[in-house]
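Engineer: Residue numbers (the working numbering), protein chains in the order written: chain A, 79 to 357; chain B, 118 to 431; chain C, 1125 to 1439.
Source of the hints: derived by calculation from the structure; they are not laboratory data. Glycine included, C-beta positions come from ideal geometry on N, C-alpha and C. There's no promise every hint is true.
Derived, one-sided and incomplete: chain A residues facing chain C with beta-carbon distance under 8 Å [what the hints assert, rightly or not]: (1) 110; (2) 199; (3) 291.
These are the residues of each chain, in order.
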Amino acid sequence: MSVRRPVSPTLVAGAVLVGAVVAVALASLLWVPRDPAHVSVPDRFLGPGQDGYLLGSDELGRDELSLLMAGARNTLLVGVVTVVIAIAAGVPAGGLAALRRGPVEEATMRASDVLLAFPALLLALLFAAVFRPGTVTAMAAIGIAFVPVFARLVRGAGLQVMEQDYVTAARTYGSGSLWLLRRHLLPNVAPVVIVQSAVAFAIAILAEAALSYLGLGTPPPTPSWGRMLSESQSYLAQAPLLALWPGLCIALTVLGFNLLGDGLRDLLDPRLVERVGPP
Amino acid sequence: MSEALRVRGLTVSVGGLEVVRGVSFGLERGGRTGLIGESGSGKTLTALAIMGLLADGLTARGEVRLGEEDLMRLPERRLCRLRGDRLAMVFQEPMTALNPVMRIGDQVAEPFRVHRGLSRREAHARGLELLERVRIQDAQSKLGAYPHQLSGGQRQRVMIAIAMACSPEVLLADEPTTALDVTVQAQVLDLLSRLVDEERCTLLLITHDLPVVSQLCDRVLVMYGGRIVEAGPAGEVFGRPLHPYTGGLIETIPPLDEELPARRFRAIPGVVPGAGEFPAGCPFRNRCARADERCVEMPPLTGDGHQAACWHPL
Amino acid sequence: MTVSLIARAGILAASLAVASVLVFGVVNVLPGDPAVVILGTDATPATLHTLREQLGLDHPGWERYLEWVAGMLHGDFGRSVISKTPVAPDLLEKLTVSGPLAVISMLVAVAVSLPLGLLAGVHHRRLSGALVGAISLGGIAIPAFWFGLLLVTVFAVRLGWLPAGGFTPWDEDPLLALRSLTLPAAALGLIQAAVLTRYVRAAIVGVQREDFIRTARAKGLTRWQALRRHGFRNAAIPVVTVLGVQLTSLLVGAIVIENVFVLPGLGRLLLQAIGNRDLVTVQDLVMLLTAAVLVVNFLVDVSYRLIDPRIRESR
């Protein structure tokens, strides 16, 4: 009996958080309070507000706020690249699987089910062992880990679309597979993919943060929130706040993307969308 | 007390909106009353309000007397003791109304355990008797079955069995056959009728299906827009309807004896409005050919024996 | 039912096989020459050659793969590239740390999320329900390792109640061992609890709306009785599904947590192996963890066949 308003507070909250992070990341390209790489040992461990260091300084006297702002760039980059990889490979795969039923499709889906069992972090650790650990390796691994998620999702939604009468009609007058894919499948599958992207973004950020914390993610000198957390661990007694800020940034960004995903799901189509993809 | 159930001024609201408005009627002990209405008329909500099972967000006020007690004023604990024992309900969708992960035997035995304090074994034995009474084939093996293993008709029989388990004084049956195949409908209605007779139960049959009511019931209540618009003995209401809505409903039933080419579909003009969209005063006013300025004021239910709420009855 | 069980077990075996091929492929085939990966690009041809012989890299790939799989099935996990000692005993030893950590964390997660989720679901229209909903949102966003760091700051550094890291073996001082696991298990378990609470709450809210709950109340059961006798089992279905996913997440999270708290478990071993380029150990550990994930998925699948009779028949 109640009508759900499409633009929910969840969506707004998510959009605001994500928007803030994006704004900060972009702004940091133009301006930061201090050069994040600038080391100044006499100024180490300053508290927030001291000497113009708005959030204090770290163990090498670098400005915490500037580091956080620059770190936002890295976070967003990882998220974007990972999701792009996952979509670029996963969506066509899922779409083709929905279009062309048969033994090949079954086998691919089974194989991708196994890949689904590989949590993103585990795959990233494996890649880090075999290739050189770094941002590129991490992004590739996490992206690949998400390919089966998107493939499964697109296939599922695609199958639903294929059941529709208008598709059967299109086929009767000779529309080819590629045309069907472009015209009918993809537009209908887009909402599902968008929602899943938001979720995948959130998970990717968490995975990269963990990797960087372990020293297998973004290497110095590029600022990275995960690595900042790892560096802060040695100084928990002197400067506990250093362990607070980067983690808070990660949490708020991840929260933002999760809320955005939830809000978009309610907005776009509660019936068609089914979220796959655990943390 | 010759009345098993007496409802006075029952009003159900959701948010600020009234969806059942000032409904009043009485059920004669042992009688069968049909409550007719289309979807959106508020008939299901009336039944749920009587049972005290309205969903969250819906509130009811008014008076509902079962024997001496006013159900609207009883604490929940007391209501729980009455439900299933003296007052029972059969729901519309047998597929979803039964617990899919619990065996039929356990579900049928439950009323006995709750209200009669029987042991598991005794309750199951009584349950088996019940299933046989509702003519479930091979009842013994069905005890261990799950709802999805039964047909729609069988599931509804089970629902009826559950409702009748403790020989309630009043049975509310909400569209008991609507979800069933036509061939099965007759059987289930027959069963219902038989059981109600055997247990001397008072029946309120809620449905949109007029022929069913004319077959089974001795009294009829017609609901529209949350109000009772006509009430009376079945023969009279169908034979000589007073309210234009009732008249319209009866006209929509194509008679069998008219010649095919000459047969025309007759419909009531307009559509049933949504919940908040009924006009002030008589809810049928903007679909009625006989309406005028007087109808802006809600007519009371007048007459004796055969009543109608209309300023311009047929 | 037994037929489908056997079928599921077959799928598990096949998945394990495919996973092993993938892991082996990534380690041995993708990078080209594993010896170069291990020793680095400026290693001399002589050392590379020696290593290749040691690792048996002159044998064809599929042969090495089969040897590896056969070895694992016999409990032989090869020898560490660095220490040259067998991997298997090391794995067992580390398991005595990781195993209890995972189990305690899961217990914490379940013990907190079930009652909280139930409370939030039953009172979902009241403030307490909304509050729990808000807290559980945090669990999805907060990295477990950060939470661990915060716990260390408060309980170890500031208050000194619990150790900030390290582990005393069980046979030396079981009580101290338990204390060493407290903060790590709390970090992992509470974050998982926050996520799980969300699902438990949703399941309870969902079940309360079902028609059969209304039927149960029409029989005369109170709200609570109806929920307990009819609702719980139905609500368990989605919860068990999520439990499986969360267990996977927990296993992976444990890897990071062990490094936060310097616990000598499988996670820490993996990190060290990665740092040392000990490909043999890495390969074994990743395979083990993947196998654990696949087995958990299998167990979840089996258990909700047990709960839901409808599924037992359809497949």
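Engineer: A separate judgement is required for each hint: does it hold in the structure or not?
Structural biologist: Quick rundown of the hints versus the structure:
The interface hint given for residue 110 of chain A is broken, as the beta carbon of that residue sits about 23 Å from the closest beta carbon of chain C, more than 8 Å. Satisfaction of the interface hint for residue 199 of chain A is found here, the shortest Cβ-Cβ separation to chain C being roughly 5 Å, below the 8 Å cut-off. Using the Cβ-Cβ criterion of 8 Å, the hint placing residue 291 of chain A at the interface with chain C is satisfied: the shortest such distance is roughly 6 Å.
Violation of the numbered hints given earlier is confined to hint 1; every other hint is satisfied by the structure.
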